[in-house]
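2 protein chains.
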Amino acid sequence: MFDDLPSLVRLLRGLQQVPYLASKNIYRVASHFLNMDQARLKQFCEMLLEVRNNIIHCSNCFALCEANRDCPYCSSSRRDQGIICVVETWQELLVIEKTGGYGGVYHVLGGAICPLDGVGPENLTIEQLIMRIDDSVKEVILATNQTPEGEATASYIASKLKAKSVLISCLARGIPVGSSLEYMDRITVYKALSERRPF
Amino acid sequence: MFDDLPSLVRLLRGLQQVPYLASKNIYRVASHFLNMDQARLKQFCEMLLEVRNNIIHCSNCFALCEANRDCPYCSSSRRDQGIICVVETWQELLVIEKTGGYGGVYHVLGGAICPLDGVGPENLTIEQLIMRIDDSVKEVILATNQTPEGEATASYIASKLKAKSVLISCLARGIPVGSSLEYMDRITVYKALSERRPF
Numbered sequence: 334m335f336d337d338l339p340s341l342v343r344l345l346r347g348l349q350q351v352p353y354l355a356s357k358n359i360y361r362v363a364s365h366f367l368n369m370d371q372a373r374l375k376q377f378c379e380m381l382l383e384v385r386n387n388i389i390h391c392s393n394c395f396a397l398c399e400a401n402r403d404c405p406y407c408s409s410s411r412r413d414q415g416i417i418c419v420v421e422t423w424q425e426l427l428v429i430e431k432t433g434g435y436g437g438v439y440h441v442l443g444g445a446i447c448p449l450d451g452v453g454p455e456n457l458t459i460e461q462l463i464m465r466i467d468d469s470v471k472e473v474i475l476a477t478n479q480t481p482e483g484e485a486t487a488s489y490i491a492s493k494l495k496a497k498s499v500l501i502s503c504l505a506r507g508i509p510v511g512s513s514l515e516y517m518d519r520i521t522v523y524k525a526l527s528e529r530r531p532f
Numbered sequence: 334m335f336d337d338l339p340s341l342v343r344l345l346r347g348l349q350q351v352p353y354l355a356s357k358n359i360y361r362v363a364s365h366f367l368n369m370d371q372a373r374l375k376q377f378c379e380m381l382l383e384v385r386n387n388i389i390h391c392s393n394c395f396a397l398c399e400a401n402r403d404c405p406y407c408s409s410s411r412r413d414q415g416i417i418c419v420v421e422t423w424q425e426l427l428v429i430e431k432t433g434g435y436g437g438v439y440h441v442l443g444g445a446i447c448p449l450d451g452v453g454p455e456n457l458t459i460e461q462l463i464m465r466i467d468d469s470v471k472e473v474i475l476a477t478n479q480t481p482e483g484e485a486t487a488s489y490i491a492s493k494l495k496a497k498s499v500l501i502s503c504l505a506r507g508i509p510v511g512s513s514l515e516y517m518d519r520i521t522v523y524k525a526l527s528e529r530r531p532f
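Top line first, the protein sequences correspond to chains A and B. Per the numbering used here, the very first residue in the first sequence carries number 334; after that it's consecutive. Per the numbering used here, the very first residue in the second sequence carries number 334; after that it's consecutive.
Just chain A, same shape as in the assembly (with noise of 0.2 Å):
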């Protein structure tokens, strides 16, 4: 279809590389780049090589930080450093983030478990994880998602925390907030039934 612009074909795998941008709106995205001025693009392309190299991981948690400051969590005084919240990607701590309700700090393991993928725990932070654990930690909240993989991650993080004096606890499962019965899939509804508490 494209075969008259090689340019073309050139921008279209280049931002197919770039997750979101699906069959539809990869032309309208194209579009967007090739009606962009020449000054303008230039400076998008240094914005980002610029953020690129100004920001880091955090050493200790593994969040994304700025590279001449310190971590926000875990150099934060008003944060519990004894709560360390486990989940997969920096996307979920800003989820958690967003809720206003946690005072802890996080640990980013990068990833879930996933033979088929080829990621093992050896890919995760989970090593760097066991190493925080002392005794200053409290508690652990495995947040990991409610996805096989994800389970299979928080199950192994736990039998690796087991030797550990600390307290592991996972997020509530259950029927989200506004949902009613019967739109609900039968497996939440039953761990809603099991994990059920007082009223």
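Derived by calculation from the structure, the hints in this document are not laboratory data. Misleading hints may appear alongside valid ones.
Copies of one chain are not kept apart here, so a pair can be met inside one copy or by any two copies together.
What the hints assert, rightly or not - Okay, derived cross-link-like pairs now, SDA-like style, lysine to any residue, Cα gap no bigger than 20 Å in a straight line:
id, residue 1, residue 2
1, Lys375, Arg343
2, Lys431, Ile359
3, Lys375, Ala400
4, Lys431, Tyr360
5, Lys497, Arg465
6, Lys375, Asn387
7, Lys375, Val351
8, Lys431, Asp336
9, Lys375, Asn386
10, Lys375, Leu348
11, Lys431, Arg346
12, Lys375, Gly347
13, Lys375, Leu345
14, Lys431, Val342
15, Lys431, Asp337
16, Lys431, Val362
17, Lys493, Cys503
18, Lys431, Asn358
19, Lys431, Pro339
20, Lys431, Ser364
21, Lys493, Val470
22, Lys497, Met464
Could you slot chain B onto chain A? The hints should help.
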């Protein structure tokens, strides 16, 4: 929320200008760029800038074309240069190309008339379209979108072309293939009914 991460704020602001990166996805796209290694991100930026340089708008039909080549549509001897399909943007051109059932050429308007957004006929390539219509052109197909703006643009072009002895047509309106009447809006059903054709 990102007071401690000014570089990240910069990245998010930059990405917000790219269409189709809705609020939930933008963090994942940001992560993608932050996790890319420096060399690959540099390659991606170079690709963007080079492609932006190499792709221009054809000066006749305003479709995208390679800077150092002829327009694949206007210069094609296999295409009927006497039929011009008028579309709003390059994305709609692609949609028509994909049907595989069109053998004429195109004219890309660059949008639709929309006074609220400050887009008048002078901001589109309507003047250039009218200049293109000479005796060799038999038919102009108005394939603007079925939106108020698209229909207004089609009406405007039709009124401008009235003086020229050229057939003006538009896309058929009706029930989309594969859909049932029950779920159609009443205006579509009305159009399909009033514009019915012999079986």
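Comparing the hints with the structure gives:
no.	hint	verdict
1	Lys375 <-> Arg343	both (18 Å within a copy, 15 Å between copies)
2	Lys431 <-> Ile359	between (30 Å within a copy, 15 Å between copies)
3	Lys375 <-> Ala400	between (23 Å within a copy, 19 Å between copies)
4	Lys431 <-> Tyr360	between (33 Å within a copy, 13 Å between copies)
5	Lys497 <-> Arg465	within (11 Å within a copy, 79 Å between copies)
6	Lys375 <-> Asn387	both (18 Å within a copy, 15 Å between copies)
7	Lys375 <-> Val351	both (19 Å within a copy, 14 Å between copies)
8	Lys431 <-> Asp336	between (47 Å within a copy, 14 Å between copies)
9	Lys375 <-> Asn386	both (17 Å within a copy, 11 Å between copies)
10	Lys375 <-> Leu348	both (17 Å within a copy, 14 Å between copies)
11	Lys431 <-> Arg346	between (34 Å within a copy, 19 Å between copies)
12	Lys375 <-> Gly347	both (16 Å within a copy, 12 Å between copies)
13	Lys375 <-> Leu345	both (18 Å within a copy, 17 Å between copies)
14	Lys431 <-> Val342	between (39 Å within a copy, 16 Å between copies)
15	Lys431 <-> Asp337	between (48 Å within a copy, 15 Å between copies)
16	Lys431 <-> Val362	between (29 Å within a copy, 18 Å between copies)
17	Lys493 <-> Cys503	within (15 Å within a copy, 68 Å between copies)
18	Lys431 <-> Asn358	between (28 Å within a copy, 15 Å between copies)
19	Lys431 <-> Pro339	between (44 Å within a copy, 18 Å between copies)
20	Lys431 <-> Ser364	between (33 Å within a copy, 17 Å between copies)
21	Lys493 <-> Val470	within (15 Å within a copy, 76 Å between copies)
22	Lys497 <-> Met464	within (11 Å within a copy, 81 Å between copies)
Of the numbered hints listed earlier, not one is contradicted by the structure.
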